[in-house]
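Novice: Each chain is listed here by its residues.
There are 2 protein chains.
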Amino acid sequence: MNPNIANKMLDMAPAYKVIYFDVNALGEPIRFLLSYGGLEFEDNRFSDESWPSIKPNMPFGQVPVLEHKGKTAFQSIAICRYLAKQVKLVGKDDWEDLEIDAIVDTISDMRGEIALYSYEENKSIKDAKAGPLFNETLPFYLGKLDSLAKKNNGYLVLGRLTWADVYFVAILDYLNSMTKKELITNYANLRTVKANVEASPNVKAWIAKRPKSI
Amino acid sequence: MNPNIANKMLDMAPAYKVIYFDVNALGEPIRFLLSYGGLEFEDNRFSDESWPSIKPNMPFGQVPVLEHKGKTAFQSIAICRYLAKQVKLVGKDDWEDLEIDAIVDTISDMRGEIALYSYEENKSIKDAKAGPLFNETLPFYLGKLDSLAKKNNGYLVLGRLTWADVYFVAILDYLNSMTKKELITNYANLRTVKANVEASPNVKAWIAKRPKSI
Numbered sequence: 001m002n003p004n005i006a007n008k009m010l011d012m013a014p015a016y017k018v019i020y021f022d023v024n025a026l027g028e029p030i031r032f033l034l035s036y037g038g039l040e041f042e043d044n045r046f047s048d049e050s051w052p053s054i055k056p057n058m059p060f061g062q063v064p065v066l067e068h069k070g071k072t073a074f075q076s077i078a079i080c081r082y083l084a085k086q087v088k089l090v091g092k093d094d095w096e097d098l099e100i101d102a103i104v105d106t107i108s109d110m111r112g113e114i115a116l117y118s119y120e121e122n123k124s125i126k127d128a129k130a131g132p133l134f135n136e137t138l139p140f141y142l143g144k145l146d147s148l149a150k151k152n153n154g155y156l157v158l159g160r161l162t163w164a165d166v167y168f169v170a171i172l173d174y175l176n177s178m179t180k181k182e183l184i185t186n187y188a189n190l191r192t193v194k195a196n197v198e199a200s201p202n203v204k205a206w207i208a209k210r211p212k213s214i
Numbered sequence: 001m002n003p004n005i006a007n008k009m010l011d012m013a014p015a016y017k018v019i020y021f022d023v024n025a026l027g028e029p030i031r032f033l034l035s036y037g038g039l040e041f042e043d044n045r046f047s048d049e050s051w052p053s054i055k056p057n058m059p060f061g062q063v064p065v066l067e068h069k070g071k072t073a074f075q076s077i078a079i080c081r082y083l084a085k086q087v088k089l090v091g092k093d094d095w096e097d098l099e100i101d102a103i104v105d106t107i108s109d110m111r112g113e114i115a116l117y118s119y120e121e122n123k124s125i126k127d128a129k130a131g132p133l134f135n136e137t138l139p140f141y142l143g144k145l146d147s148l149a150k151k152n153n154g155y156l157v158l159g160r161l162t163w164a165d166v167y168f169v170a171i172l173d174y175l176n177s178m179t180k181k182e183l184i185t186n187y188a189n190l191r192t193v194k195a196n197v198e199a200s201p202n203v204k205a206w207i208a209k210r211p212k213s214i
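Chains as they are written, first to last, in UniProt numbering: chain A, 1 to 214; chain B, 1 to 214.
If you are wondering where the hints come from, they were derived from the structure by calculation, not from laboratory data. For clarity, every value in this text was computed on a predicted model and none was experimentally measured. Heads up, a few of these hints could be off.
A pair holds if it fits inside one copy or across any two, identical chains being indistinguishable in the list.
Claimed, not checked - Using 30 Å as the maximum straight-line C-alpha spacing, the simulated DSS-like pairs for lysine-lysine come out as follows:
hint	residue 1	residue 2
1	K144	K181
2	K85	K17
3	K194	K180
4	K17	K151
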């Protein structure tokens, strides 16, 4: 292709490209943050069948991946933190950023605990994990997060909207899907967090137009 | 106590306090970063026996915890990122920070894979996990990290010392301990990363004076 035309096409393309499976899961917090900030992005979704041919070309064999200005980034939470800076959902100083990061990593820990149960292929091991997960681990995490949301007036940290809230609400569908439950039904303050994130017109518009995937 | 005396004692105490078990593990990257930057800290180590009485007072029941100016922070990687900013081991812009964060989270993923094996209590399940871990997962991660270290002239990212290098070297004892191996023996470029981190006089002094714990 003529390099001038190639450059012109690059100029016209959205600045960001998200590469992920055709599911919400770990890609959705990235899509939420881009949408929240009104940053145009190409939502590149591949089929499960094409994954084996894509995987070897991905950094550490993983997605989601974010492309921007010819560069490629990986690790979903790292990508979210970068985007949060671009869309101004971060703290006002280093300590506030630490407080946000700690909540995000805690949500990620909870997601990891759920995944250990959900992706367990051995039925008897999976059954044995259900009790501790649903009777101890999840009530512990969700109860603590709900208390934080109460203390922070409907946000998880700092008493105002940060990317921790966006991350939580965006990944909630995935947590619900893995557990086959509506996890926050009995947690009124976490329902308020969800409502506060979805009150963003840009987020609301994204939810309305996004592909119907799990 | 007389509040003036209490304030004076607070003034004289180190600005940072690290609370953790008497082991390296997840506390050591925090101690390395504080040491690297010459930031004085109280290295508060508790015994395994006292943990049950400490745990309920920790955020989300977890350590390590960092105390600073009357505030308490948790989640080890979040704490490390905060300290990295204080000791100037971060990127020069948001994208560089994203690149560092991605490497740190990848090391953390590798640590998680090792932990799933190491902390497995059922011997037959543990044995079944050994093959995939030692023949596939670890060679994959360590090989990729070694390639990055080669490309970056003895550093994991950005071609210069960042907190990703410090994090990796500080947590390596823990990874070795969990696997009962010297993981980087056959990875020359990762050995260079280790040498580059330990070339810091402050880090060298910390390693010489730290308690002999695993």
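Novice: Each hint needs a verdict: does it hold in this structure or not?
Specialist: Cross-check of the supplied hints:
{"no.": "1", "hint": "K144 <-> K181", "verdict": "within (19 Å within a copy, 38 Å between copies)"}
{"no.": "2", "hint": "K85 <-> K17", "verdict": "both (17 Å within a copy, 29 Å between copies)"}
{"no.": "3", "hint": "K194 <-> K180", "verdict": "within (18 Å within a copy, 45 Å between copies)"}
{"no.": "4", "hint": "K17 <-> K151", "verdict": "between (37 Å within a copy, 25 Å between copies)"}
Going through the hint list in order, the structure satisfies each hint without exception.
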